[in-house]
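Full structure from sequences and hints, please.
Residue 162 in UniProt numbering sits at position 162 of the sequence shown, and the numbers go up by one each step.
Hint data in this document are derived by calculation from the structure and do not stem from the laboratory. Among the clues, some could well be false.
To be verified - Computed beta-carbon distance windows for the label pairs: (1) H190 with P31: 37 to 45 Å; (2) A161 with A262: 29 to 37 Å; (3) E111 with A262: 15 to 23 Å; (4) P160 with S269: 35 to 43 Å; (5) G375 with P27: 15 to 23 Å; (6) P216 with A148: 19 to 27 Å; (7) E30 with D357: 31 to 39 Å; (8) D23 with E162: 27 to 35 Å; (9) A53 with D308: 38 to 46 Å; (10) R213 with I51: 27 to 35 Å; (11) D308 with T40: 14 to 22 Å; (12) P315 with A53: 52 to 60 Å; (13) D302 with A26: 27 to 35 Å; (14) D89 with L55: 39 to 47 Å.
To be verified - With a straight-line Cα cutoff of 20 Å, these simulated EDC-like cross-link-like pairs (lysine to aspartate or glutamate) come out: (15) K113 with E232; (16) K303 with D214; (17) K225 with E196; (18) K20 with D332; (19) K356 with E334; (20) K197 with D165; (21) K113 with D165; (22) K113 with D184; (23) K197 with E232; (24) K113 with D199; (25) K197 with D230; (26) K356 with E331.
Glycine included, every Cβ here is placed at the ideal spot set by N, Cα and C.
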Amino acid sequence: MAAPARFSDLPDYAFPRLRKLLDAHAPGGEPIAMSIGEPTHPMPPFLGEVIAANLQGFASYPPNEGTPELLGAISGWLGRRYDVAVAPDRILVLNGTREGLYNVAMALCPETKNGQRPAVLIPNPFYQVYMVASLSVGAEPVFVPATAETGHLPDYASLPAEVLDRVALAYICSPANPQGAVADRAYWTHLLQLAEKHDFIVLADECYSEVYRDTPPDGALAAAKAIGCDPERVVAFHSLSKRSNLAGLRSGFAAGGPQAIARMRQLRSYAGAPLPLPLQRVAERAWADEGHVTASRALYQDKYRIADEVLGGVPGYMPPQAGFFLWLPVEDGEAAALRLWREAGVRVLPGAYLAKDAGQGNPGEGYIRVALVAGTDDVRRGLRLIRDVLYR
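If you want it as C-alpha coordinates, here you go:
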(Lines of atoms letter the chains of each structure in order from A and count residues from 1; the text may use other names and numbers.)
(Lines give C-alpha, C1' and ligand atoms only; values in the text may rest on other atoms or scores of the structure.)
Protein backbone atom coordinates (compact mmCIF):
# COMPACT_ATOMS: atom_id res chain seq x y z
CA MET A 1 0.00 0.00 0.00
CA ALA A 2 1.13 3.55 -0.65
CA ALA A 3 2.78 5.57 2.09
CA PRO A 4 0.35 7.33 4.45
CA ALA A 5 -0.73 10.80 3.46
CA ARG A 6 1.08 13.73 5.05
CA PHE A 7 -1.86 15.80 6.18
CA SER A 8 0.48 18.54 7.37
CA ASP A 9 1.10 19.22 3.66
CA LEU A 10 -2.57 19.94 2.95
CA PRO A 11 -3.56 23.57 2.35
CA ASP A 12 -5.87 25.23 4.85
CA TYR A 13 -9.55 24.50 4.40
CA ALA A 14 -11.40 27.08 2.32
CA PHE A 15 -12.95 29.11 5.13
CA PRO A 16 -9.83 29.54 7.30
CA ARG A 17 -8.13 30.72 4.10
CA LEU A 18 -10.96 33.20 3.54
CA ARG A 19 -10.62 34.53 7.08
CA LYS A 20 -6.89 35.08 6.53
CA LEU A 21 -7.64 36.94 3.31
CA LEU A 22 -10.42 39.22 4.59
CA ASP A 23 -10.48 39.58 8.35
CA ALA A 24 -7.59 42.04 8.63
CA HIS A 25 -9.66 44.48 6.55
CA ALA A 26 -12.73 46.46 7.54
CA PRO A 27 -15.86 45.83 5.45
CA GLY A 28 -16.78 48.63 3.09
CA GLY A 29 -20.45 48.52 4.04
CA GLU A 30 -23.00 46.60 6.05
CA PRO A 31 -21.72 43.01 5.75
CA ILE A 32 -23.61 40.52 3.60
CA ALA A 33 -22.61 36.85 4.02
CA MET A 34 -22.56 35.15 0.62
CA SER A 35 -19.59 32.82 1.12
CA ILE A 36 -20.94 29.86 3.13
CA GLY A 37 -23.63 27.51 1.85
CA GLU A 38 -25.59 27.52 5.10
CA PRO A 39 -29.34 27.66 4.43
CA THR A 40 -31.27 30.38 6.26
CA HIS A 41 -34.79 29.49 5.10
CA PRO A 42 -37.26 28.44 7.81
CA MET A 43 -36.75 25.01 9.31
CA PRO A 44 -39.65 22.53 9.06
CA PRO A 45 -42.48 23.64 11.37
CA PHE A 46 -42.68 20.26 13.08
CA LEU A 47 -39.06 20.29 14.32
CA GLY A 48 -39.66 21.35 17.92
CA GLU A 49 -42.78 19.22 18.29
CA VAL A 50 -40.97 16.04 17.26
CA ILE A 51 -37.93 16.67 19.45
CA ALA A 52 -40.13 17.48 22.46
CA ALA A 53 -42.14 14.30 22.01
CA ASN A 54 -38.96 12.21 21.89
CA LEU A 55 -36.74 13.86 24.51
CA GLN A 56 -36.43 10.63 26.46
CA GLY A 57 -34.56 9.19 23.50
CA PHE A 58 -31.47 11.15 24.51
CA ALA A 59 -31.12 8.68 27.39
CA SER A 60 -30.61 5.71 25.06
CA TYR A 61 -27.91 4.62 22.65
CA PRO A 62 -29.35 5.08 19.16
CA PRO A 63 -29.25 2.39 16.46
CA ASN A 64 -25.99 2.76 14.58
CA GLU A 65 -27.35 2.22 11.08
CA GLY A 66 -30.64 4.09 11.69
CA THR A 67 -34.00 3.22 13.21
CA PRO A 68 -36.27 0.94 11.16
CA GLU A 69 -38.73 3.83 10.88
CA LEU A 70 -36.10 6.24 9.52
CA LEU A 71 -34.72 3.66 7.10
CA GLY A 72 -38.29 3.04 5.93
CA ALA A 73 -38.94 6.77 5.48
CA ILE A 74 -35.78 7.14 3.38
CA SER A 75 -36.67 4.08 1.31
CA GLY A 76 -40.12 5.55 0.71
CA TRP A 77 -38.66 8.91 -0.35
CA LEU A 78 -36.27 7.26 -2.81
CA GLY A 79 -39.23 5.41 -4.31
CA ARG A 80 -41.31 8.57 -4.69
CA ARG A 81 -38.45 10.78 -5.89
CA TYR A 82 -36.59 8.44 -8.24
CA ASP A 83 -38.96 5.51 -8.78
CA VAL A 84 -36.39 3.08 -7.41
CA ALA A 85 -36.96 0.36 -4.85
CA VAL A 86 -34.16 0.48 -2.27
CA ALA A 87 -34.65 -1.89 0.65
CA PRO A 88 -33.75 -0.60 4.14
CA ASP A 89 -30.74 -2.94 4.29
CA ARG A 90 -29.29 -0.98 1.37
CA ILE A 91 -29.40 2.32 3.30
CA LEU A 92 -27.11 3.71 6.00
CA VAL A 93 -28.09 6.75 8.07
CA LEU A 94 -25.21 9.20 8.42
CA ASN A 95 -24.25 11.79 11.01
CA GLY A 96 -23.91 14.40 8.30
CA THR A 97 -23.26 13.34 4.71
CA ARG A 98 -19.62 14.41 4.95
CA GLU A 99 -19.10 11.44 7.27
CA GLY A 100 -20.28 9.04 4.58
CA LEU A 101 -18.36 10.71 1.77
CA TYR A 102 -15.20 10.24 3.85
CA ASN A 103 -15.83 6.78 5.30
CA VAL A 104 -16.94 5.27 2.01
CA ALA A 105 -13.32 5.34 0.88
CA MET A 106 -12.25 3.57 4.06
CA ALA A 107 -14.91 0.90 3.53
CA LEU A 108 -14.73 0.33 -0.23
CA CYS A 109 -11.31 1.33 -1.58
CA PRO A 110 -8.98 -1.67 -2.02
CA GLU A 111 -5.31 -1.52 -1.08
CA THR A 112 -4.35 -2.22 -4.70
CA LYS A 113 -6.14 -2.27 -8.05
CA ASN A 114 -4.69 -4.55 -10.72
CA GLY A 115 -1.53 -4.76 -8.64
CA GLN A 116 -1.05 -0.98 -8.51
CA ARG A 117 -1.87 1.93 -6.23
CA PRO A 118 -5.60 2.60 -6.65
CA ALA A 119 -6.80 5.87 -8.09
CA VAL A 120 -9.81 7.94 -7.04
CA LEU A 121 -11.41 10.29 -9.57
CA ILE A 122 -12.34 13.76 -8.31
CA PRO A 123 -13.99 16.63 -10.21
CA ASN A 124 -12.00 19.85 -10.12
CA PRO A 125 -13.38 22.10 -8.47
CA PHE A 126 -14.39 19.70 -5.71
CA TYR A 127 -15.72 19.23 -2.19
CA GLN A 128 -12.55 18.96 -0.11
CA VAL A 129 -13.55 15.77 1.70
CA TYR A 130 -13.15 13.80 -1.56
CA MET A 131 -9.43 14.56 -1.62
CA VAL A 132 -8.81 13.85 2.07
CA ALA A 133 -10.73 10.57 1.89
CA SER A 134 -8.57 9.46 -1.03
CA LEU A 135 -5.34 10.35 0.74
CA SER A 136 -6.49 8.64 3.94
CA VAL A 137 -6.62 5.25 2.23
CA GLY A 138 -3.35 5.71 0.34
CA ALA A 139 -5.06 6.13 -3.01
CA GLU A 140 -3.99 8.59 -5.69
CA PRO A 141 -6.49 11.43 -6.12
CA VAL A 142 -6.86 12.17 -9.83
CA PHE A 143 -8.28 15.66 -10.38
CA VAL A 144 -10.30 16.00 -13.59
CA PRO A 145 -11.31 19.50 -14.80
CA ALA A 146 -15.00 20.38 -14.59
CA THR A 147 -14.97 23.59 -16.61
CA ALA A 148 -17.15 25.46 -19.07
CA GLU A 149 -15.59 23.38 -21.85
CA THR A 150 -16.89 20.16 -20.24
CA GLY A 151 -20.27 21.54 -19.18
CA HIS A 152 -18.91 22.03 -15.63
CA LEU A 153 -18.96 18.26 -15.10
CA PRO A 154 -15.83 16.09 -15.32
CA ASP A 155 -15.17 14.10 -18.49
CA TYR A 156 -13.82 10.95 -16.85
CA ALA A 157 -13.97 9.03 -20.14
CA SER A 158 -11.21 11.28 -21.52
CA LEU A 159 -8.65 9.74 -19.16
CA PRO A 160 -6.18 7.18 -20.53
CA ALA A 161 -7.15 3.52 -20.15
CA GLU A 162 -4.11 2.88 -17.96
CA VAL A 163 -5.46 5.40 -15.45
CA LEU A 164 -9.05 4.16 -15.64
CA ASP A 165 -7.92 0.60 -15.02
CA ARG A 166 -6.48 1.72 -11.65
CA VAL A 167 -9.63 3.59 -10.59
CA ALA A 168 -11.40 2.16 -7.56
CA LEU A 169 -13.80 5.03 -6.80
CA ALA A 170 -15.13 8.05 -8.71
CA TYR A 171 -16.73 10.98 -6.93
CA ILE A 172 -19.28 13.04 -8.80
CA CYS A 173 -21.39 15.91 -7.44
CA SER A 174 -24.72 16.63 -9.15
CA PRO A 175 -26.09 19.24 -8.87
CA ALA A 176 -22.51 20.41 -8.85
CA ASN A 177 -21.01 22.49 -6.07
CA PRO A 178 -20.01 25.18 -6.98
CA GLN A 179 -21.17 25.47 -10.59
CA GLY A 180 -24.81 24.34 -10.37
CA ALA A 181 -24.50 21.99 -13.36
CA VAL A 182 -26.70 18.88 -13.44
CA ALA A 183 -25.81 15.41 -14.71
CA ASP A 184 -28.60 14.31 -17.04
CA ARG A 185 -29.60 10.72 -17.79
CA ALA A 186 -27.10 10.46 -20.65
CA TYR A 187 -24.23 11.62 -18.43
CA TRP A 188 -25.11 9.15 -15.66
CA THR A 189 -25.51 6.34 -18.19
CA HIS A 190 -22.12 6.96 -19.79
CA LEU A 191 -20.43 7.22 -16.40
CA LEU A 192 -21.99 3.99 -15.12
CA GLN A 193 -21.04 2.19 -18.34
CA LEU A 194 -17.48 3.47 -17.91
CA ALA A 195 -17.51 2.17 -14.34
CA GLU A 196 -18.71 -1.24 -15.53
CA LYS A 197 -16.01 -1.37 -18.18
CA HIS A 198 -13.17 -0.44 -15.82
CA ASP A 199 -14.63 -1.94 -12.62
CA PHE A 200 -14.94 1.03 -10.30
CA ILE A 201 -17.66 2.40 -8.00
CA VAL A 202 -19.46 5.69 -8.64
CA LEU A 203 -19.94 7.82 -5.50
CA ALA A 204 -22.83 10.14 -6.32
CA ASP A 205 -22.97 13.20 -4.07
CA GLU A 206 -26.52 14.43 -4.66
CA CYS A 207 -26.95 16.66 -1.61
CA TYR A 208 -28.33 19.58 -3.66
CA SER A 209 -30.86 17.48 -5.56
CA GLU A 210 -33.95 19.22 -4.15
CA VAL A 211 -32.89 22.80 -4.94
CA TYR A 212 -33.56 23.41 -8.64
CA ARG A 213 -35.19 25.76 -11.15
CA ASP A 214 -37.86 23.75 -12.95
CA THR A 215 -37.02 20.10 -13.50
CA PRO A 216 -35.98 17.71 -10.71
CA PRO A 217 -32.40 16.56 -11.39
CA ASP A 218 -32.00 12.97 -12.47
CA GLY A 219 -30.18 10.65 -10.09
CA ALA A 220 -27.55 7.92 -10.22
CA LEU A 221 -29.80 5.24 -8.71
CA ALA A 222 -32.51 5.87 -11.29
CA ALA A 223 -30.00 5.72 -14.13
CA ALA A 224 -28.52 2.50 -12.75
CA LYS A 225 -31.97 0.93 -12.61
CA ALA A 226 -32.77 2.02 -16.17
CA ILE A 227 -29.71 0.27 -17.66
CA GLY A 228 -29.77 -2.76 -15.39
CA CYS A 229 -26.49 -1.80 -13.77
CA ASP A 230 -24.96 -3.90 -11.00
CA PRO A 231 -26.39 -2.42 -7.75
CA GLU A 232 -22.87 -2.49 -6.29
CA ARG A 233 -21.69 -0.08 -8.98
CA VAL A 234 -23.05 3.08 -7.30
CA VAL A 235 -23.48 4.60 -3.84
CA ALA A 236 -25.68 7.72 -3.65
CA PHE A 237 -25.51 10.30 -0.86
CA HIS A 238 -28.31 12.64 0.22
CA SER A 239 -28.77 15.12 3.04
CA LEU A 240 -31.37 17.09 4.97
CA SER A 241 -29.01 20.07 5.27
CA LYS A 242 -30.02 21.70 2.00
CA ARG A 243 -33.31 19.91 1.29
CA SER A 244 -34.88 20.75 4.66
CA ASN A 245 -32.71 23.65 5.92
CA LEU A 246 -31.43 21.44 8.74
CA ALA A 247 -27.66 21.81 8.44
CA GLY A 248 -27.24 21.54 12.21
CA LEU A 249 -29.23 18.31 12.44
CA ARG A 250 -26.29 16.49 10.81
CA SER A 251 -28.49 13.95 9.07
CA GLY A 252 -27.98 12.30 5.73
CA PHE A 253 -27.80 8.84 4.23
CA ALA A 254 -25.97 6.59 1.81
CA ALA A 255 -27.81 4.15 -0.45
CA GLY A 256 -26.17 1.50 -2.59
CA GLY A 257 -25.70 -2.21 -3.17
CA PRO A 258 -26.19 -4.56 -0.20
CA GLN A 259 -22.51 -5.51 -0.06
CA ALA A 260 -21.29 -1.91 -0.14
CA ILE A 261 -23.71 -0.79 2.56
CA ALA A 262 -22.88 -3.84 4.70
CA ARG A 263 -19.20 -2.89 4.59
CA MET A 264 -19.98 0.74 5.41
CA ARG A 265 -22.19 -0.39 8.30
CA GLN A 266 -19.43 -2.64 9.61
CA LEU A 267 -16.92 0.22 9.58
CA ARG A 268 -19.43 2.52 11.21
CA SER A 269 -20.00 0.09 14.08
CA TYR A 270 -16.36 0.68 15.02
CA ALA A 271 -15.75 4.28 14.01
CA GLY A 272 -19.08 6.03 13.53
CA ALA A 273 -21.09 8.40 15.68
CA PRO A 274 -24.79 7.49 15.36
CA LEU A 275 -27.42 10.20 15.16
CA PRO A 276 -29.21 10.70 18.52
CA LEU A 277 -32.63 9.07 18.60
CA PRO A 278 -34.73 12.26 18.84
CA LEU A 279 -32.89 13.64 15.81
CA GLN A 280 -33.55 10.42 13.91
CA ARG A 281 -37.25 10.97 14.65
CA VAL A 282 -37.01 14.47 13.17
CA ALA A 283 -35.25 13.09 10.09
CA GLU A 284 -37.92 10.42 9.71
CA ARG A 285 -40.62 13.10 9.64
CA ALA A 286 -38.61 15.32 7.29
CA TRP A 287 -38.09 12.64 4.64
CA ALA A 288 -41.82 11.89 4.73
CA ASP A 289 -42.88 15.52 4.18
CA GLU A 290 -42.56 17.50 0.94
CA GLY A 291 -44.51 20.62 1.85
CA HIS A 292 -41.63 22.38 3.58
CA VAL A 293 -39.27 21.39 0.73
CA THR A 294 -41.57 22.86 -1.92
CA ALA A 295 -41.89 26.12 0.03
CA SER A 296 -38.12 26.44 0.43
CA ARG A 297 -37.50 25.63 -3.24
CA ALA A 298 -39.85 28.44 -4.26
CA LEU A 299 -37.68 30.90 -2.33
CA TYR A 300 -34.57 29.70 -4.18
CA GLN A 301 -36.42 29.98 -7.50
CA ASP A 302 -37.15 33.62 -6.64
CA LYS A 303 -33.41 34.13 -6.07
CA TYR A 304 -32.57 32.52 -9.42
CA ARG A 305 -34.84 35.12 -11.06
CA ILE A 306 -33.16 37.93 -9.13
CA ALA A 307 -29.70 36.68 -10.15
CA ASP A 308 -30.73 36.47 -13.80
CA GLU A 309 -32.18 39.98 -13.63
CA VAL A 310 -29.19 41.58 -11.90
CA LEU A 311 -26.33 39.66 -13.52
CA GLY A 312 -27.82 38.58 -16.84
CA GLY A 313 -25.76 41.18 -18.71
CA VAL A 314 -22.45 40.10 -17.18
CA PRO A 315 -20.20 38.43 -19.79
CA GLY A 316 -19.82 34.75 -18.95
CA TYR A 317 -22.68 34.69 -16.44
CA MET A 318 -24.00 31.13 -16.26
CA PRO A 319 -27.47 30.72 -14.74
CA PRO A 320 -27.22 27.69 -12.43
CA GLN A 321 -29.48 24.77 -13.23
CA ALA A 322 -29.73 23.79 -9.58
CA GLY A 323 -28.19 24.25 -6.15
CA PHE A 324 -27.83 27.65 -4.50
CA PHE A 325 -24.46 28.92 -5.71
CA LEU A 326 -23.41 31.28 -8.47
CA TRP A 327 -20.06 30.60 -10.15
CA LEU A 328 -19.11 34.03 -11.42
CA PRO A 329 -16.20 34.71 -13.80
CA VAL A 330 -13.63 37.28 -12.67
CA GLU A 331 -10.02 38.01 -13.55
CA ASP A 332 -8.65 36.86 -10.19
CA GLY A 333 -10.89 35.29 -7.53
CA GLU A 334 -8.83 36.31 -4.50
CA ALA A 335 -8.45 39.88 -5.68
CA ALA A 336 -12.17 40.09 -6.48
CA ALA A 337 -13.19 38.70 -3.06
CA LEU A 338 -10.91 41.15 -1.26
CA ARG A 339 -12.17 44.07 -3.31
CA LEU A 340 -15.81 43.18 -2.68
CA TRP A 341 -15.21 43.00 1.06
CA ARG A 342 -13.21 46.21 1.31
CA GLU A 343 -15.44 48.27 -0.99
CA ALA A 344 -18.91 46.83 -0.35
CA GLY A 345 -18.87 44.48 2.66
CA VAL A 346 -19.92 41.50 0.51
CA ARG A 347 -18.25 38.27 1.59
CA VAL A 348 -17.75 35.68 -1.17
CA LEU A 349 -15.39 32.75 -1.65
CA PRO A 350 -12.51 32.75 -4.17
CA GLY A 351 -13.02 29.87 -6.58
CA ALA A 352 -9.40 28.76 -6.27
CA TYR A 353 -10.10 27.70 -2.68
CA LEU A 354 -12.43 24.99 -4.03
CA ALA A 355 -10.06 23.66 -6.69
CA LYS A 356 -6.49 22.49 -7.18
CA ASP A 357 -3.72 23.09 -9.66
CA ALA A 358 -3.27 19.58 -10.98
CA GLY A 359 -0.71 20.53 -13.62
CA GLN A 360 -2.94 22.58 -15.91
CA GLY A 361 -3.60 25.58 -13.66
CA ASN A 362 -6.26 26.00 -11.00
CA PRO A 363 -9.68 25.88 -12.76
CA GLY A 364 -11.27 27.95 -9.99
CA GLU A 365 -8.79 30.80 -10.10
CA GLY A 366 -10.88 32.99 -12.38
CA TYR A 367 -14.13 32.62 -10.41
CA ILE A 368 -15.86 33.53 -7.19
CA ARG A 369 -18.55 31.42 -5.55
CA VAL A 370 -21.60 33.33 -4.33
CA ALA A 371 -24.12 31.63 -2.03
CA LEU A 372 -27.79 32.58 -2.48
CA VAL A 373 -28.74 31.66 1.08
CA ALA A 374 -29.56 35.03 2.63
CA GLY A 375 -33.01 36.60 2.53
CA THR A 376 -34.34 37.82 -0.79
CA ASP A 377 -33.67 41.50 -0.06
CA ASP A 378 -30.09 40.85 1.03
CA VAL A 379 -29.48 38.65 -2.01
CA ARG A 380 -30.72 41.39 -4.33
CA ARG A 381 -28.60 44.02 -2.56
CA GLY A 382 -25.53 41.78 -2.51
CA LEU A 383 -25.79 40.90 -6.19
CA ARG A 384 -26.22 44.53 -7.16
CA LEU A 385 -23.09 45.41 -5.20
CA ILE A 386 -21.19 42.57 -6.88
CA ARG A 387 -22.31 43.82 -10.28
CA ASP A 388 -21.44 47.43 -9.54
CA VAL A 389 -18.05 46.73 -7.94
CA LEU A 390 -16.75 44.03 -10.30
CA TYR A 391 -18.52 44.42 -13.61
CA ARG A 392 -18.94 48.16 -14.21
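Taking the Cβ atom of A53 and the Cβ atom of D308, is their distance within the range 38 to 46 Å? holds, 43 Å
Given the hinted pair K197 and D230, is their alpha-carbon gap at most 20 Å? Answer holds: K197 to D230 is near 12 Å, not above 20 Å.
Going straight from one Cα to the other, do K20 and D332 come out at no more than 20 Å? Roughly 17 Å between the alpha carbons, so the hint for K20 and D332 holds.
19 to 27 Å as the expected CB spacing between A148 and P216, which holds or is violated: holds, 24 Å
K113 and D165: Cα distance at most 20 Å? holds, 8 Å
Within 14 to 22 Å or not, the Cβ separation of D308 and T40? holds, 21 Å
Could you tell me whether the CB distance from D23 to E162 stays inside 27 to 35 Å? violated, 46 Å
With 37 to 45 Å as the target window, see if H190 and P31 comply at their CB atoms. holds, 44 Å
Sort out whether E232 lies within 20 Å of K113, counting only the CA atoms. holds, 17 Å
May I ask you to test the hint 39 to 47 Å on the CB atoms belonging to D89 and L55? violated, 29 Å
Please check whether D302 and A26 have a Cβ separation lying inside 27 to 35 Å. Once the Cβ atoms are compared, 32 Å apart, the range 27 to 35 Å for A26 and D302 holds.
Quick check: does the Cβ-Cβ distance between E111 and A262 fall within 15 to 23 Å? holds, 19 Å
Hints 8, 14, 22 from the list above are not met by this structure, while the remaining hints are.
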